[in-house]
Amino acid sequence: MSYSILSIEDLKVSFKTSKGTVTANESIYLEIKEGEILGLIGETGCGKTTLGKAILRLLSGKAKLEGKIVYRGTDLLTLTEKEMRLFRGKKIGIMLQNPSACLNPVLSAGRQIAEIYRYHEGMGKKEAEKKAGEMLELVGISSSRGCDYPHQFSGGMMQRVMVAIGLALRPGLLVADEPTKGLDQDTKLQIAELIAGLVRKENASMLLITHDLELAGSFTDRIAVMYAGEIVEIGKTAEIISNPKHPYTLDLLHSLPGKGLRMVSGQPPSLVSPPSGCRYHPRCSFRVEACSVAHPGLMGPEGERFTRCLLSEKGRKKETAAQPFLTAQAAFRCRCEGEGI
Amino acid sequence: MWKYIAKRLAMVSIVIAGVTFIAFSAMYFAPGDPAEVIALARYGEDLSASQIGTLREAEGLDAPVHIQYLIWVGHLLRLDLGKSLVTSEDVLAEILQKLPATAKLAIASLLVSFLIALPAGILSALRKNSLLDRGCMFVSLVGVSIPNFWLGLLLIWLFALTLHMFPSFGYGSLKHFVLPALTLGTSLAAVTARLTRASLLEVLGQEYIVAARARGLDEHTILFRHALKNALLPVITFAGMQFGYLLGGAVIVETIFSWPGIGKLLVDSIFARDFSMIQGCVLFIAVLFSLSSLAVDILYAVLDPRIRYDRHD
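Residue numbers (the working numbering), protein chains in the order written: chain A, 1455 to 1795; chain B, 27 to 339.
Source of the hints: derived by calculation from the structure; they are not laboratory data.
Careful: at least some of the hints might be erroneous.
Here are the computed lysine to any residue pairs in the SDA-like style, where the Cα-Cα straight-line distance is at most 25 Å [claimed, not checked]:
#	chain 1	residue 1	chain 2	residue 2
1	A	K1635	B	R332
2	A	K1536	B	D244
3	A	K1544	B	R251
4	A	K1536	B	L230
5	B	K255	A	D1602
6	B	K29	A	F1607
7	A	K1516	B	R332
8	A	K1518	A	M1538
9	A	K1544	A	L1648
10	A	K1642	A	A1555
11	A	K1580	B	G44
12	A	K1518	B	E233
13	A	K1635	B	V236
14	B	K109	B	L180
15	A	K1544	A	P1559
16	A	K1470	B	I235
17	A	K1522	A	G1499
Beta-carbon label-pair distances, calculated as ranges [stated by the list, open to error]:
#	chain 1	residue 1	chain 2	residue 2	range
18	A	Q1639	B	A32	38 to 46 Å
19	B	R332	A	V1747	52 to 60 Å
20	A	S1514	B	L105	53 to 61 Å
21	A	D1638	B	V170	49 to 57 Å
22	A	H1665	B	A224	30 to 38 Å
23	A	R1624	B	A36	32 to 40 Å
Note that beta-carbon positions come from the ideal geometry of N, C-alpha and C, so glycine has one too.
My request is simple: use the sequences and hints to build the entire structure.
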């Protein structure tokens, strides 16, 4: 059993808004092991980005964080802002979504990398610029482009600059939020390979946040599936892809081009007033009556698998009057096998 | 960069050409025969028709209008703005003699406004909705609403008449600067502070600020290295335009404080119906304004790389 570099325990992230309290993340338990790449997948608006930012406490002042986020033994939520700064960039790197918005338009790319060395390592200007140049070369950009400004780079190049920034100090953990969004297929793969390659080489860990199941399938060790602010299924990548146990994961897999391109029906739920019972039940084709009443916990492990579904096998064991669930579970299984997943 | 400056320069020349046209035609839109107007300004009442006729010929006013315009522009190109109708002094020499007083007041006012507005605007943005923010914004609302001439009179009443700290009018020592510069500077500061606050708030909400924080930078570095460089762009535009406006002479304030600048010269010429002086002043003010906006454009390019580089280089 390898040690975990990051473990999130019972995390709840909520925002007070004029429309009520939005609970973007609820009862999140998540563990990232040393050297592991964990994928976090789910629809837009399900709370993936919030979770990524919550780890580094980058959410706005309105956000309320409860629970624990432990990085190598330190609970980040108990640190002062000043102590937290030592973790940001140095121990945990993050690549936020949308590089064209994340790079300061009036500062050169090289300077935005160099300032990390100057600030964290106290390097002089020359030395920091040299290191920044090396970092650019590492991500496949000629160091001479360090004095160029963000608008002079293409989308893929900007993403490479983001990689250089995220990994500049060789952090133990990299949080990469949608690193391939908006890129064409070839560039997407190049960037993903670049990031995963560098992370593996450094023996670092990564939380890869994406809505792209294929990407998560090819580059991660384990996958956590998020729905409406909750983790609904987590397990080894191969197992999740070949044998999804949560209906939502199954529906997501079905929406892939190679698997029928069937959209997940219905709209993602509101996080202000999430559905009663299981949050997925209004859109779930296997729902039974109990699903609208009972809110399932994350059940397991079955091997390394946890599932938040009343119909999962663990759930079945817990529920004694299981007949209706059994039937539905059987139907669910049949469908999975029928689809050849 | 040079291409950009050349482009802006070309634009400025077009604007200035337009201004010469307007300044020239203004003479013709003024009621009455230009020759009569000139004669009236120069010799006073009781003119015979033959006197006016001689003057018309002497001044070239009998030629067709477009020829007159071309001749006038020809003079302008040789920096000859003509002579005052009243004093027969050279117009340009007269204006240039008044320029230092106006320029010094403009710089002093701008300094005063920055000294007040930048700290107030930045602190307000950083402590958004705090008591400090509300206080600053209330004061600046008052500042925006108070007309210059009234503020000037209030300052004269308080500092000159009641406290006897500063002279109420005149030009010369540093003390003379205080009241007019405060009058102009504070009203300018009111707008600048609001603009700084709004602009900084917008920038602080940008994703690259979060990204800078994500690199572990402290708030001080983020504010001074990342935020202000972006946030001050609109402030610089505004201040630059105001500076151009101040260089043209703050007409009311210069009059209140008897400041021997271009604004006062303009007002005096209007009262004296000294048309060539008015024309010269208007032209000079317009050119100064265009040049200061050119300077702002160049400064903008220095600060913002997106403007500095053309798309294709």
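Structure-based check of all given hints:
Our distance criterion of 25 Å between C-alpha atoms is met by A/K1635 and B/R332, whose separation comes to about 24 Å. At most 25 Å may separate the alpha-carbon atoms for a hinted pair to count; A/K1536 and B/D244 meet this at roughly 8 Å. Taking the CA atoms of A/K1544 and B/R251, the gap is about 20 Å. The hint holds against a cut of 25 Å. At most 25 Å may separate the alpha-carbon atoms for a hinted pair to count; A/K1536 and B/L230 meet this at roughly 19 Å.
Restraint check: the Cα-Cα separation between B/K255 and A/D1602 comes to about 17 Å, which is no more than 25 Å; the hinted pair holds. A hinted pair counts as satisfied when its Cα atoms are at most 25 Å apart, and B/K29 with A/F1607 qualifies at roughly 22 Å. For the hint pairing A/K1516 with B/R332, the CA-to-CA distance comes to about 33 Å; that exceeds 25 Å, so the pair is violated. The straight-line distance between the Cα atoms of A/K1518 and A/M1538 is roughly 16 Å, inside the 25 Å bound, and the hint therefore holds.
Among the hinted pairs, A/K1544 with A/L1648 is consistent with the structure: their alpha-carbon atoms are about 20 Å apart, no more than 25 Å. The straight-line distance between the Cα atoms of A/K1642 and A/A1555 is roughly 18 Å, inside the 25 Å bound, and the hint therefore holds. A hinted pair counts as satisfied when its Cα atoms are at most 25 Å apart, and A/K1580 with B/G44 does not qualify at roughly 51 Å. Proposed proximity of A/K1518 and B/E233 is supported: the alpha carbons are some 20 Å apart, at most 25 Å.
Between A/K1635 and B/V236 the CA atoms are separated by roughly 19 Å; this keeps the pair inside 25 Å, and the hint holds. For the suggested pair B/K109 and B/L180, the alpha carbons sit about 38 Å apart, so the restraint of at most 25 Å is broken. Taking the CA atoms of A/K1544 and A/P1559, the gap is about 23 Å. The hint holds against a cut of 25 Å. Our distance criterion of 25 Å between C-alpha atoms is met by A/K1470 and B/I235, whose separation comes to about 22 Å.
A distance of roughly 23 Å separates the Cα atoms of A/K1522 and A/G1499; the hinted pair therefore holds under the 25 Å criterion. For A/Q1639 and B/A32, the hinted distance range of 38 to 46 Å is satisfied, since their beta carbons lie about 43 Å from each other. Range check, B/R332 to A/V1747: about 56 Å between beta-carbon atoms, so the 52 to 60 Å window is met. Remark: the range hint 53 to 61 Å for A/S1514 to B/L105 is upheld by a beta-carbon distance near 59 Å.
Roughly 51 Å separates the CB atoms of A/D1638 and B/V170, a value that falls within the hinted 49 to 57 Å. Between A/H1665 and B/A224 the Cβ separation comes to about 35 Å, which falls inside the hinted range of 30 to 38 Å. The supplied range of 32 to 40 Å is broken by A/R1624 and B/A36, whose beta-carbon atoms lie about 52 Å from each other.
Hint compliance for this structure: hints 7, 11, 14, 23 are broken, all remaining hints hold.
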